[in-house]
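Engineer: Single-letter residue listing:
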Amino acid sequence: MQTWIPLWLPGETAHASAVDLLFAGLLASSVLVLVLLFFLMGRFAVHYRAGNAGADRDHRTKKSWHWEVSWTAATLLAFLGLFVWGAQLYMRLQDAPADALPVYVVAKQWMWKVQHLGGQREINELHVPLGSAVRLIMSSQDVIHSFFIPAFRIKHDVVPGTTETLWFKPRKAGVYHLFCAEYCGTDHSRMTGRIVVMEQTDFEQWLAHQDVSGTMAEEGGRLFRQFGCGGCHGAGAAVRAPQLDGLYGKAVPLSDGSIRIADERYIRDSILKPRARIAAGYQALMPSYEGKIGEGELVQIVAYIKSLAGDARPPR
Amino acid sequence: MTARNYLTEDNSLRSWFFTTDHKRVAVLYAASITLFFFIGGAAATIIRLELATPQADLVTSDVYNRLFTIHGVIMVWFFLIPSIPATLGNFVVPLMIGARDLAFPRLNLTSWYLFVLGGGVTLYAVFAGGIDTGWTFYAPFSTMYSNSHVVLAVTGVFIAGFSSILTGLNFIVTIHRLRAPGLTWYRLPLFLWSLYSTSVILVLATPVLAMTLLLVALDRFAGIGIFDPARGGDPLLFQHLFWFYSHPAVYIMILPGMGVVSELISVYSRKAVFGYKFVAWSAVAIAVVGFFVWGHHMFVSGQSPFAGLVFSFMSFIVAVPSAIKVFNWTATMHKGFIRFDAPMLYALAFIGLFTIGGLTGLFLACLAYDVYVTDTYFVVAHFHYIMVGGMVTAYFGGLHYWWPKITGRMYPEYWARAAAILIFFGFNMTFFPQFILGILGMPRRYHVYPPEFQVWHVMSSAGASILAVAYLLPLFYLGWSMFFGKRAPSNPWQATGLEWQTPSPPPSHNFATTPVVKRNPYDYSLEGEARPQNA
Amino acid sequence: MKNGQPPRELLVSWLGLLALLGITVFASYQPLGAANTGVALAIALGKSLIVAAIFMELRRGSALTIVFAATGFFWLAIMFWLALADYMSR
Amino acid sequence: MPETPADQFVDMRQQHETAQLGMWTFIATEVLFFGGLLLAYCVYRIGDPEGFAEAARHTKIVIGTINTAVLLTSSFLVAWAVTAARLRQGRMAGLLLGFAAVLGLAFLALKGVEYAKEYDEHLIPRLDFAYAGPKATSVYLFFSFYFVATGLHALHIAIGVVVLAVIGWQAGRGRYSERYHSPITVAGLYWHFVDVVWIFLFALIYLPGRAS
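Chains as they are written, first to last, in the numbering used here: chain A, 1 to 316; chain B, 1 to 535; chain C, 1 to 90; chain D, 1 to 212.
Source of the hints: derived by calculation from the structure; they are not laboratory data.
A short, non-exhaustive set of chain C residues, derived as facing chain D with CB atoms under 7 Å:
no. : residue
1   : 6
2   : 10
3   : 29
4   : 36
5   : 48
6   : 71
The structure displayed is predicted, hence computed values, not measured ones. Note that CB positions come from ideal geometry on N, CA and C, so glycine has one too.
I would like the entire structure built from these sequences, with the hints used as guidance.
Structural biologist: Below is the structure:
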């Protein structure tokens, strides 16, 4: 990866290749415009310099509107094409594949804390298997950070108070840079890490060799009981609260008539701001857990509630 | 014995600090922004020195963060935004429209005092320990987590904001109400069209920044929680409010430059600007459409994908009027009598650098590509091509062009051309490598960085040292020319504008008799002879 | 206008404004659901138009003055439209 | 009495039009200034309409309504004063502006009473805020907005009172006429604008949630 004068960073996902193609398109059109412009400027500057008395300056273009209309139309068309190209790639980035492997990321000044479904934890490193799509569920404990993997051509801000997601599907084993791309204070430039892409079998071995006190769902379940959530949400509870079994990924009708998909952000918001969105047919009784649950605990509870739905696929 | 002019009218210090003459206010502004330019430049110099190696060796991370914050805050609010409008604009707007002064001369002086006060408060924040939020003051870092003088700095910018609002207000009203007889809108020089558009942005966007900064300050010391997620606030709301100002502010920092270049290209090509109406209205279009695009700073921030699509689309649209201008400037040179005086060299450099900056702007408007290069050095390179390659170059071009009018002296042409060329090369050497760094994935605002990026950083730092020398040159030869330069005639460039039809330097009241405008601007004969607007 | 008497149009506008104030307070206590907000804002807009047209003499103002008066609100609409476009589609 | 225009103007008419246009431009600036704050209000109100309704019920609608009437009346007096001044009824104009300024002071006094009540009810964010109930977060944000918005508005009123007093005094000495009335007209525009801001603040702060 180390060359003396690096000129290019190879893209290592299918998305990265598509982005690189887009880059080539943008670059080609820009260079075309620049060459044309510099050629004309250079030619005019030389040929029509004041010293060149011999240049033909009669028959100047007087009427300008057809020139104006044609170059305006040409630029507009080219821009529209580039817009559509960039936009459809971007929209593809919004939908993670159904079988993507969820990994939880909590950002804080100045480190990335990662937890896998099996409970394995790592800091400033993210081990992922080759050939499988990975979906990061990210939240921040303090300020805004941004999860940036240059080799995959993706980044997304991690904003405190909400959950953001990002997915990728590596196609080559190796070690890649992880950067924090949103300025976050003193050690912003040291909030970096490694993305380690391993063969499937190596990855499983790696998972098995980590110290684990329980899967995320198990730990989340412990917290669920510790906070007494089951007192209302459990089967046969005295208070009538929505059942959480099979909740994840479902469409939930709300009391204001709208419908929300129960994704990670919904579950998280429902714990922290339970009164903002009330499931239809229920009373607004639940207290807010804002400030009572740490960011790391929260993702475990979310993982637990997700596990109640049987599988961990992202919502459609 | 020279005739009395605005410089020699009264030499007491008091007459300068209580002047209501727009020309003197312009000189006051020029002096103060020059000071700020070199303060911001000093910060940039240390940054570039530090980045020559991947490790931290010159300063600590906390100091580094303060340096790039100061560089940004000073350069944006205390140099770029007032640069062309408050100095060149202040000086030539009344002259170009044949008026005796701006509509509100006392307000104009007030605006300079507010600027100095805001600058003073900001500098105090710097010397009291600095600010480490970046010029963008992103919440909740600025409101909850930063341990630096955020409230002071924000106060300084807040005050300076009112200074720019007052300048904008003054220009708008002046251009509407104080034009000389016969000076219709389509006879206005294009510099005025772009200053008018700039003023519209100043007046309508700056108050939103004022409110945003006020909320940041209140969030910080009064805990109102508007941007604090722990209190139910939304950090993205800060970004919406901030960029509602700060994206249009980018056009505050380029439109005046476009205006200057329109003047220069025409004068030194001895030809009317090609497609006058298109160039004029494209300035207005940029000012208006520029308000619809701010969300392109937020494509990866957690804004909804739908909003991303809208903002991306609008960002492509706003690039069209800029393209129109570039094409028209080039067409203006066609069949002209092109002279390569220093201002023209700056104008040509502007077109080239601005075009590169603008085209790379398309990369950033393009959703999927922006996801990759936003918050990397690609963005840093892009906006320096616009702000420094564009605006600062245009400022120097305009400064040289109107220098004889302002000081009554000619600058030394040889040195001026040398500086222009040196600036052009130093600039490209500094900032072009940063595009490559961005494409390699180097994030911005990094104090230490992985070693594979070093070679490009070294090149950039080397370029920066050339650029630093190049920017110091004009300080010396322009300073020299103020006292020893050749005396300037009233119209050294044989230009058509009204400002050239009065002595250099102009008398205190600009014109002996109010000029009557009879012609379009840029009226040159086929042989390149100028026909002044009032002839 | 006689000495010591207010011009008729000013007097009428003032009484109209006070009447609208009464109406808006009354209406806010009526259970109209989501329409309460709409009614309150519509009446606020009505009151502002009276103030602008009569007290601020926009009614007799030049086209330019009217454009200037409207500009601030147009730009406000841009800000609300695009920012809320984000919030409503999240 | 200045009967000749300032240096940069050709005649009084041009000077007057310029002053007016300047004030309208300033008003456009002010619209966007308050607009930024209103956007914050709208975003959070849309996020939790019921929370904001609940919070709004804790505002003092009687004082708010009286204050609205006070401002509307003072605006009316100012408009009347401008007409009077142009007709060279200087004493009359001075008196009316004086009244208007006094109404402005009354507004501020009532606002003070209101703040005191809210302090007693522990509704001041950070300083003294205690609110039990599920909607506490939204109530907090609402009152943050409330104090910033009304505080800034009160600052505008305070500046306006000083301006009205000075202009009123000048008017009383017969300074203004049909020929020269820019300062009084422009001051009036400012006062009416501050009134308009209040009209919207009243609808957004005091009226929500009254019906339920």
